[in-house]
Each structure stands twice: as C-alpha cells, then as structure tokens.
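S.K.: The lines below spell out each chain.
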Amino acid sequence: MTRAQPNRLPQGGLINRDQPINFMFDGKSYQGYLGDTLASALLANGVKLIGRSFKYHRRRGIYSAGPEEPNALIQLRTGNRTEPNTRATMAEIFEGLQTSSQNRWPSLALDWRAINQKFSALMPAGFYYKTFMWPAKFWMFYEKQIRRAAGLGKAPLESDPDRYAFEYAHCDLLIVGSGPAGLSAALAAAKTGQTVVLADERAELGGSALWERNQIDNMPASSWVQQTLATLSGYANVRLLRRSTVSGCYDHGMVTIVERVADHLAQPPEHTPRQRFIHLRTQRMILATGSIERPLVFADNDKPGVMLASAVRTYINQYAVLPGKQLAVFTNNDDAYRTAFDAKEAGAESVTVIDARAQTKPELLSRAQQLGITCIGNSFISKVHGNTVQAVSIIGRANGAQQKIACEVLAHSGGWNPTVHLLSQSAGKLRFDETLTTFVPDTVPSHISVAGAANGEFTLAGALSQGHQAISGSSPDSAPLANPEAPPKIEALWQIPKAGSLGKRFVDIQDDVTVEDIELAHRENFRSVEHLKRYTTLGMGTDQGKTSNVNGLAIMATLRNEPIPGVGTTTFRPPYTPVALGLFAGTETGKHQTPIRRTALHDWHVEQQAPMTSVGHWLRPKTYLRAGETYDAAWRRENIAVRETVGLVDVGTLGKIDIQGPDAHIFIQRIYSNNFATLAVGKLRYGLMLREDGIVMDDGTVARLSHEHFVISTTTANAGKVQSYLEWLLQVAWPELRCHAVSVTEQFAQFALAGPKSREVLARLLPEYDVSDTALPHLGILHAQLEGADVIVFRMSYSGERAYELAIGADFGRALWTRLLECGAELGITPYGTEAMGVLRIEKGHVAGSELDGRTTPADLGLAKLARQGGGYIGAQLLQRQALQDPRRPCLVGLVPVDGKTVIRAGSQLVASELEAKSPGVVAKQGFVSCSTPSAFLGHPIALGFLENGHARLGQEVIAASPLSSEFVRVRIVHPVFVDPDNTRLKG
Amino acid sequence: MFARRSALASSLHGASQRFAGLAAKVVIAERHPLSILQVSAFATTIPDTEQALFNALGLPVAAANQFSGDSQLSLRSIAPGVWQLVGEVSHTAHAEQLRQTLQGIATVVDISHGRTALQISGLCSAKTIAKFCGLDLDPAKFSTGSSTQTRFGHIAMTLSRLDDAPTFEILVFRGYAQHVFETLVEGAAEFGLRIEQ
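If you read the sequences in order, they're chains A and B. Position 222, counted from 1, in the first sequence is what the numbering used here calls 222; the numbers after and before it change by one each time, with no gaps. Position 91, counted from 1, in the second sequence is what the numbering used here calls 1079; the numbers after and before it change by one each time, with no gaps.
None of these hints come from the bench; they were simulated from the model. Think of the CB as a built atom: it goes at the ideal place given N, C-alpha and C, for glycine as much as any other residue. Do not take every clue at face value.
[Stated by the list, open to error] Restraint ranges, calculated between C-beta atoms of paired labels, are given here:
#, chain 1, residue 1, chain 2, residue 2, range
1, A, 887, B, 1088, 31 to 39 angstroms
2, A, 706, B, 1031, 16 to 24 angstroms
3, B, 1091, A, 940, 38 to 46 angstroms
4, B, 1032, A, 872, 54 to 62 angstroms
5, A, 669, B, 1131, 41 to 49 angstroms
6, B, 1031, A, 669, 15 to 23 angstroms
7, A, 283, B, 1032, 35 to 43 angstroms
8, A, 630, B, 1031, 21 to 29 angstroms
9, B, 1051, A, 563, 57 to 65 angstroms
10, B, 1051, A, 486, 43 to 51 angstroms
[Said to hold, decoys possible] Calculated pairs, DSS-like style, for lysine-lysine (alpha carbon to alpha carbon, straight line, at most 25 angstroms):
#, chain 1, residue 1, chain 2, residue 2
11, A, 144, A, 48
12, A, 144, A, 28
13, B, 1129, A, 591
14, A, 504, A, 383
15, A, 429, A, 404
16, B, 1129, A, 191
The whole structure should be built from the sequences, with the hints applied where relevant.
M.R.: Quick look at the structure:
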C-alpha cells in the first residue's frame, strides 16, 4: 500500500504540518497541508497526470510553480462557485475543496479525443482557415462541433453567489513584487515616511527568497523575509497586500489590483467580498516583478514529468515535495544547477545534469561531483520515453554519442525572461540583451523604476541593491546584503533538433503550438510577430505566452535570418492573469445594476403593489390594480376615470429647473423657439426647445413666478441633458448673462390632478383660496399655503382634461397626496399610472418622446406657430434650411384602424398598399407610426404618426406595415387630436 | 401641520435593526430635516456676494472646496461663485431675507427637500466611502473643513469632512437616497456597522 503523500519530504518547507487538509481531485481524496497549493499537494501525493492539452489532448502534468502555468488548469470547486481554467499552482487548498481535471472524456486516463493526435498532421496551426468550407450549408453543423471541442473548462451555469467590492486607493509609492528586490525597496521606502503599498500575487510574501536556498544579512533568506515583514508591519505608512495581483497599468499612475480576499477559504465570511478590485493612484512605482523561466524546446517537452527547473526546486524548498526520486536536469545555463544540488541534498536517489554547452563553470562541476551528481556536457535530450517521463535519451552534440538514463522528472531551463508586462503597459520600451539572451527594460517612464530580476539583474546581491537604490536618498551602506556572485552564464539555444521525424517540439504548451507550426507560418508568409501570434495562436492562451513568447519569436527570427530585435514583440495587455468577471461588476449587480431613482411617493406606490416600470433610473407605477383586477382592466378604468371624474398621477420625475436673475427673461427667450417676452407674472406657457440644427430637442412649460424668476419643466428623459445644456450655455456661450439655472427636480413632489371634477377637488383642498376659472384660468398659477407648507398650483394639462399640477417640497409630498385623496374620495378620485397617462396624452394628440425623436421640426409636429418669426433663439437659423422647410416632409397625423379594432404596431412603416408592402425590393415609405394605444375612452385603437403631406390627406387610407412581425393594418388618416379638439373640456 | 418625511423613512428602521453592531467601526445616521440653500453669484458679482454673505450670516466665505461654520450652519464653497448654505435650523425666513439682500448680485434657490444628507463616522468610515469615491480621503489631503462635489459610484454627491473623528457627510439627490443608503450599508457591513435613527 502506498503511503499518503509519498513525495512529501520528512522535514523542511514552509507548509504547516500541524494543519493537514483533505481535498479531492477527480473524485479521489488526498491530503496536503496548510500552505500547499493544489499543485504542490497533488505532487506530494504522486499525481502525475493533471489534464489534457487543448488541441491534441496529450497527457499533461504540472509544469511550473507560478502564474505562468500552462498545463495544470483545473476546474476548481463545484456548483455556483465552480471556476474553470484555474491554475493549480496558484490555488490554495482548503478543507473540503473539490477539483477536477478538464478537457477529457470520459476520463483523464482514457480520453477519447486523444485520437486527435493521430490526425495531428491534418491539424497544424491555422487548419481551420483551410477546412470546414464545403459544403457551405454544413457550416452550422461544423460550428457546433468546433464549439464543443474548443475551450478547456466549463463555465458555471448558476449565478455567482459572491460579492465583489471596489476600493479607490492612493499612495506615494507602489512596489510590485515582494521578492528580495521588492522587500529591500520597501524597507528603504518605509523609513522615508511616504505612503507605500507593497503588493504580491502570492499568499506568502518573499518571492524567490522563499524558494531559493540563499542567505541574506547572514541568515536564511526565509528568516530574513519574516524579520523584514515584521519590521514593515510596524510602519503605519506601509500597506502590505497579499494574494494581490497588479493586473494592469493605466495612465497617470492608475493601477488596478485584484485582491483575492477569500479565495483560499471555503466561502467568504459574512459581508466580506470574495475579491476586491483596487483602483490605486500612485505617484511612483517600483516593478520588482522578477522573471519567468524559459523552457527549452525539444521533442516531447510536454510530457507529464517535464517541468521547469526552478519549479522543481520551488517544490523541494518551499513545499517540501520531491517530485521524483530520479531526476534529470537539462539546461543551457548555470542557474539550473541549483535544482540539481537542491534535489540531491533533499534526498533524490539520482540526479543527472545534461548541459547543452561545451563549457561549464568548474565550480558547478566540482560541486556536482561532491554531491554525486552526474554531469553530461555538450549534449541534448533527443527523446523522452514513456507516457509520463520514464527515461530520456541523450545525444552528444559533437560526437553523436547516445545514452539513455532512467528518470521520473525532467527539469529543464532555457534561461529567464524578466517579467515586463506592467512596464510595457506603461509604454516602457524593451531591448534584447545578447549576453542575457532575453528582453530587458530599456526606456522606462519617469515615474517607474525596475529592480532585480525584472531588470535583468539575476544575482541576489544585485537585486537587493537595486531595490534599495530605487528609493532616492537611500545610502548604499544600509542595503541588505548577500554574497556577491557573478551573473549566471547562458548560451542562446532556441530549439533542439529532433532525432528523426517523430516527437513534437512544443513552443506554446497551452495552445499546442510546435516548432513545425512556426515553420508553417513562415512558409505561408505569416512572418511578422503579430501574424505569427494570430496565425499559430502562440501566446493566445490564458497564460498569454508567459513561457512561449520569447522562444517563438526567436525561432521566427532564425527562420527570417534576422536578429531577434528585428522581429519585435507583441503588445502586453491587461489583465496580467485572468480576472473573474464579477470583479468588474463590483456591487453593480442585481437590483443595484443601475442606480434606482425614486419619487417622493415611491413608498406609497409600492404599498399599493403597483406594477412599476423603469424610465431611465426612475421607477414609476404603471397602474394601480384593485382586488381581482387584471392589468388591462385597471388602466382602462383609470383612462375613463380621468375623462369622466378625476384622476391623480405622480409626475415627480419630470425635470424642473429654477431660472432666476435680472437676465433670466433674456435667457428664456433665447432657449425657446416661441415667444416668452409676453409671458406675464403668474402665468405659464408651453414651449419648444430646439437644437442648434433646428430639430426639436425637448418640450415643456415655462412658469413665470416673478419678473426675474421662472421655473421650467422638461421631459423626464431629457431632464439631465437639458440641465447640462443650460449650464453650458450660461457658463460658456453667454457668461455675461446674469442668470442661473438650478435643478429643482428633486426639490418638488409634483402631481397632476386631472378630470372634469378636478377643480372641485382643488377647492376642497384649498378652501381659503379662490380657484374659480376667473382667478385661476387655464395656464394660470396660484401660490398657496397648506398646513405650513408652500404649494404652487399650475393650471395646465397633459391629458387634455381640465387639470392642475401641484408642486410642494418633496418631504411634504406624501402628506399632500394623501390629503388630495381624502378631498377627492367622495368625487371618485382615481390614482392613475403611466399606462393610462400615456393613453390620455395620445388621445389628446400631445407629442412626447416618441415624436420628439431627434428628427422632427416644429412644423413636422404641427407646431409651426411655435417657431416665432424674427429668430433670436437657438436653432432659428438652421431651421430655415430648405430641407427642413419642405412642405412635403412627413407631418403629424392621427391614425385609426379601418376595421375599428386592430391595434396598430408602433414603429410600423406607412406605405400605399399591402401588396407593395409584401413585395420584395424597395418599397416607397410615406411615413411611420410613432406611438399607438388601445383607448378605453374612445373604444377603439388609435395611433400617431408622421406622413408625407399628411395634413392634406385626412380621410385617406394607407397600410401600417410591420414586416418583421408580419402585421399589415389598413389605417385611416385622421386629425391627431382624438379627444376635445376645440379644447372645451380643457378650458372648462 | 404637514411633517417632513425623509426619503429614507421606510429604510432606516429596518436597517438599524439589522445592523446594531456592537463593534461597529462605521456609524451611519441621516441628518434630517435640513435647510439647504444654493447661492449663485454672477460672473462679475462674486466679491460683492461674498461680502454680502458675510454681512448676512457672520460666516466668512471659505476657500474653494472648503466650508466655514459648523454643523448648525455651514457655508460651503462648492464651485466658482456657488455656495451651499446647509443648516439644521429652518431657514425659510433666511431664504427670503437672503434673496432680498442678494437681489441683483446673486440668486438663491431652496433645495432643502431635494437632498438627503447621510453622516458617516468611525474608524472605517473613510475606507467605506473609498469603495465608491475616487477622491484621496487621507486627512492630509481631505481635511476637516473640506467640502467638494464628487461622485458616489455613478451618483453626484457633495462630500464633506465635518470633524477629525472622522465624520463625513454625504449629500445626494433625494431620489437616489435609498440606493446610496443601501449601497453604503452593504459596503460598511464588513467593517461592523451601526445605524442610528
């Protein structure tokens, strides 16, 4: 029986052995420790097979120990918290965690789609551009199959139950990365008193100091880390952010940080967000982001057991996991020897180093010899044996000598690439360093410094020093110290030739892109780095090419016979690693997706259980249902009640703007097209506001409260727009006008009291006031006091019935509404909603948003008289343009169905005949239907629309055609005012 | 007499029951009823208006994005030539008197009913507001006496720091009051919250 965690070393590591954790992978139970990632725990348990590759479904194992992981992509958790494509190397295990492998059916061990490998010759890069073409009608079939085959994990089908929060933060200095360079910088910065944020994507701060066996300040590096963190925690000006990825750099020092607050827990504590999206504005930034190891490109370099060299020693040193007893290390550089030394000292049975270079530093060779490590120089790996690594074949470069050695793990290293994503996002430039064989920062924006391995400084002493020196004013003497060393040597080696024709040399392991694919792209003339990327998909996986970009473009450079810088690099874009969509939504989900704006009467509407509708952010009641009433019956009752007795509607959403000042009357004259110079104090008038181009922008009423004081109304939808526009006019166009426009939409609750009995209700409300038609005629204003509150009564009508609008301070709104209902109870007062309100205004032929659609002029609306002669208002000049004066323009008409009962669909086009409407090809459009409604009061449907030459065509019939819904209704052209065209009801 | 009914009348009680946190690091309360007058000078009358305000109120006009006075009555300089006079005392008489004093040099608009005022105090009050507002709320950058137009999420707000406790005040359109209140409460919950009525 195999013991639990067979690969776990008996001591060492930074895991907490006192806290075992049980978790599941593919239905099997395993144990790890607190501090393990899913990858380290699985490796400890000897799990080699972790997934199947994207295209070829090849067996894959854990490859790295960091965010660059291309293979170990896991479906993490189940149910509504399941997350696909999660890197096992970054996921922290917790008790009860359930995980499964992806992209395999029926099982990881036996995956049917592995058959793709047999057809791999037919599936090179870009094969889908050349296939699935014929027959064309099969395309939707192909598409479904491709869709099923594509992708790796499965997206959750249930709503995300977690909360996400934003945070806006500010600091003087952001340090990205808490390795030696970052911590060194933080120590120096803390003392300066500036506000410092230190962010690291991992749970534990310390970076490479946690997984390299080094000494800093004469103590083990991990101890130095603990001591440094304790020191930093004592500074109030330093904020340490763990589990926090700096995901993107934007303009002016804006940086986004994804803080994984609770991903390492089974669920977030109550009220705690799962993740926090920090928008940090920083004055300066130090990028201490380290570097990512580069693979070597050799045949079958993707098999389970092939791992990055630094990852192997990370598992040994940080997690106390030895992934195999027999290891081979294949390298073109000095650095990988550390893995060999660490593995042998941790108890590996055998370690063999295969060095591609002819020369190796004698110190490394002698140390290897001391430890009993075999070193084979000037050689390549020619073959990897086994479904998972069992052995490797080695071939001498000079003499072709061959040998085979048994091993379970093949650690390899092709060098290191500085992690420069954030620098590139900040428009920093890179250059290719021939000695280091990699891209290093070249020009760096003035608010950024790069330190340590991210800057191409691959020694520990150098990293500590650079971090320290990045803080201006730091004395070099106080930097943390490590033993000076020479930079590790490396020999450029972009690909290893295949022995024979078998074996795939992967460049992008996640997207299954091989050297042969790059050669194909080159042959087919996709030779620029941008084309290389998109044609082969190299670098387009969730890892964004972290382990493949440089090898890929170096191979293309070789094919193009050019130096590497000539090929260039693609653009790094945020986010650095994948981000949950919920994070971007933050709190704006569910009912908070858009802000809700409520009138002063909102609670009353809700208490009546009125169905509500959204008008922009506002919620408005559609109708008020009585017990047992259908929606339809309700609005019909309201429609009739307003025409026959009296109704009450909440119109608090309309824009109201207070315009005051000695020049207010001048301003009013300029912004409206009709004449307000003759508007007396205590009177109000309907007005049109035009755009500069002569098109009607909005309509409303202007009430003159005093010589210098006006209150205007706007439509609900345009309130904000008109307010902004008026402010712009007063601040920019006419700053000399002594006048202000202040929004009072929210200041007043406003109701319309409408119907033949409205005056009686008003009289009961305000018994001390004269509300007769003489004292308060149509378009008059009354100022009153009621129960200590000011009430303004405007006599105006939207419904076409005798009506009054009452405005009162919003806090008093509900009290006034209640009082009105009491006063009108005996008279049958009926609260009504937007449904009935809409029917009433269409019956009266009042234009509204559906007619003021941004294409209509005053004349189109039948309101030519409101565009006064002599100009002097916005829009006057351009309104004179020929096309806007053309009498043949479609103008406002009323429409009724000839059969008396068919509802006309709004948006229908008006055409001559049904036959024409149904014929293919272009049909002459004579107009369109702007709004439509059944009418309880009239007993038949009605509509408003615009028709060419409409005023001369009353009585004629046309077709209202809606081909999309296959509706063709014969309609008759009538006058647009269906009720009370002489305004007798209105004026009483 | 009609009583003034706050826009939060139906939300406050329920929320205060839910969040009666003992270890509350955020305390939220509504300031209601308030009197709020917006005074706007004309392009050429700003100095005259400032003088007139001082004469009428005894409050000096503060520098931009600051206020003078205290919680009883404060004069906030929220835009060039624009001030908001915010007070607990009813200023109906004030409004008319002020309008006459400023006749010809500035306009006065009563927006007392048009705003909801929320007071947020406690150790984590700044952190809570920082979830929804991009301003730097560090006491060195936004000190006591600051008052400025900014945003709460997508909603316009006037944010002030009333004292060093710290106590902040948020003024928003009353129509958005419940939305802002609910959002604020959810944001403060993770720090421990108490709502005072």
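S.K.: Hint by hint, say whether it matches the structure.
M.R.: Verification of the hints:
1. A:887 to B:1088: 31 to 39 angstroms: violated (53 angstroms)
2. A:706 to B:1031: 16 to 24 angstroms: holds (22 angstroms)
3. B:1091 to A:940: 38 to 46 angstroms: Since residue 1091 of chain B and residue 940 of chain A have Cβ atoms about 56 angstroms apart, the given range 38 to 46 angstroms is violated.
4. B:1032 to A:872: 54 to 62 angstroms: At roughly 24 angstroms between Cβ atoms, residue 872 of chain A and residue 1032 of chain B fall outside 54 to 62 angstroms, so the hint is violated.
5. A:669 to B:1131: 41 to 49 angstroms: Check passed, 46 angstroms falls within 41 to 49 angstroms.
6. B:1031 to A:669: 15 to 23 angstroms: Holds, since residue 1031 of chain B and residue 669 of chain A (Cβ atoms, about 20 angstroms apart) stay within the stated range.
7. A:283 to B:1032: 35 to 43 angstroms: Because 39 angstroms falls inside the window, the suggested range holds.
8. A:630 to B:1031: 21 to 29 angstroms: violated (58 angstroms)
9. B:1051 to A:563: 57 to 65 angstroms: Holds - the Cβ-Cβ distance for residue 1051 of chain B and residue 563 of chain A, about 60 angstroms, lies within 57 to 65 angstroms.
10. B:1051 to A:486: 43 to 51 angstroms: Taking Cβ atoms as reference, residue 1051 of chain B and residue 486 of chain A lie about 60 angstroms apart, which means the hint is violated.
11. A:144 to A:48: Roughly 33 angstroms between the alpha carbons, so the hint for residue 144 of chain A and residue 48 of chain A is violated.
12. A:144 to A:28: Violated, at roughly 33 angstroms.
13. B:1129 to A:591: violated (34 angstroms)
14. A:504 to A:383: holds (10 angstroms)
15. A:429 to A:404: Roughly 44 angstroms separates the two Cα atoms, so the pair is violated.
16. B:1129 to A:191: Roughly 21 angstroms between the alpha carbons, so the hint for residue 1129 of chain B and residue 191 of chain A holds.
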